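There are 2 protein chains.
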Amino acid sequence: MKDALQEIGYRGETPCDYHENGLECHFELHIEQGPILEKESKSVSVVTSVQSMKWFSIRVGGIEGHSGTTPMPARADALVTASRLITAVRDCALNTELGVAIVGVISSDTSSQATIPAGVKFIIDVRCSTDDMVEQHAAHIFTAFDSTIASENNGTSYHIERSWGLPEFIFHPHCIEAVRASAFSQIGEDQVMEMKSRAGHDSAWTSRVCPTGMIFVPSKDGISHKPHEYTSPEHCALGAQVLLDAVLHYDTKVKTAGFEVSV
Amino acid sequence: MKDALQEIGYRGETPCDYHENGLECHFELHIEQGPILEKESKSVSVVTSVQSMKWFSIRVGGIEGHSGTTPMPARADALVTASRLITAVRDCALNTELGVAIVGVISSDTSSQATIPAGVKFIIDVRCSTDDMVEQHAAHIFTAFDSTIASENNGTSYHIERSWGLPEFIFHPHCIEAVRASAFSQIGEDQVMEMKSRAGHDSAWTSRVCPTGMIFVPSKDGISHKPHEYTSPEHCALGAQVLLDAVLHYDTKVKTAGFEVSV
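Protein chains in written order, with the working numbering: chain R, 578 to 840; chain S, 578 to 840.
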């Protein structure tokens, strides 16, 4: 990264480190990326935390074979087993109601249509309000996996190659209070709701090192990261105003009331 | 291809065309690539035909969404639907017993673990003894697909992007007879069995333009296209002898009895 920045003449003088840049607090305005504000006819959300997330990279193993010559009952087809596991992920999320879970990324060992795949990899994304709920949710998923493998009983298996995650981040109470006070004064209490962020954000990272708060404004149909993502000009302006006032509010309070700024 | 061969000095003088090369007949020795000869304790197979094959390139469409913010019941997840369709392919093959069917190749529109995929592509490989059976088998599969889509009822859909195939190829009766006579004289009737090829072969193509026949020898555990593919030296030698004698037998018969050589 350093070499690349240097090469294009973009390497600045300031070290890329929050100690060097002196982050005292962090406020972030974002579109909700979900449908809740729109559905509830609210204009601003005071974001209290970012939900817990965990990812699991799974490899399903089977036995490679020829699509034409291997008798159907003798097949250890990694993609059929992976398919059953992927539907189990969805069924678990719907049945337990602990949070959300999905598989978006998948790859098969073979690029030949005539090969029974020896292996399939996929990544599970699990998100719940709290770290405990993520652990419970994942445990349900892997119990379902174990019983799927047992009922398939055809020589296929799975293992978790890697897991990683982000714990729940609860924003700083003084920042939450500053956003709430700012939103109430701008738009009135009935237009404001508290919310947990269901997506990850820069603020989840800054909250590890300095007091942090977030503001959401509505997303049309909850759509994000797509060309038809839309937030009205009025909601954008309102969000920016709430952001400014939250910073001013926080600044005044820190100076006048001696807010505790360690995290 | 022509340019590439020229560049590396491998472009020969003889045109690449069976008319120019004067193929009069074609005999091929191959390992079975399946478990049947070994299971039946036979040493040679007189191959009578190559089974019918058809491929279908399928695209499942859904609606892209954020893995964290889109409520579970509102998801049109293309990979969950694709998974249900892939298991339906296997279930159809097992239940109808019309032949074999598999999905080996799959790709998701997204490489982000946090995205509900808008689309998934996969290829179905269907093989049955006859063209009619392939059509029946495919019809069962797509009926199952339609009912899966209807029961999911979540905005996902599928369509066949492309289909292509190879019809059943029945080898020439004189070539089959030449292989049979050669095998019987080499090893005795009780060590020989007739068989339809479950895999595609060069002979499926030559049989379109000249009389063609094939010989199989056993494959250990039916394994092929893998490092532990194995046929014993004795079976290799036997196969080569049957091949030579089949050619000589055919040649003698054509010269003495006036075999019909058009196909």
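Derived by calculation from the structure, the hints in this document are not laboratory data. It is possible that some hints are incorrect.
Intra- or inter-copy, both count: the list cannot distinguish identical chains.
Stated by the list, open to error - Once the Cα atoms are required to be at most 30 Å apart in a straight line, the calculated DSBU-like pairs of lysine-lysine come out as:
hint	residue 1	residue 2
1	K631	K698
2	K616	K579
3	K616	K803
4	K773	K616
5	K797	K698
6	K698	K616
7	K698	K803
8	K830	K616
9	K631	K616
10	K830	K803
11	K698	K579
12	K830	K797
13	K797	K619
14	K698	K619
Because the structure is a prediction, the values reported are computed rather than measured.
Going through the numbered hints above, which ones does this structure break? Give me the numbers in ascending order.
2, 6, 8, 10, 11, 12, 14
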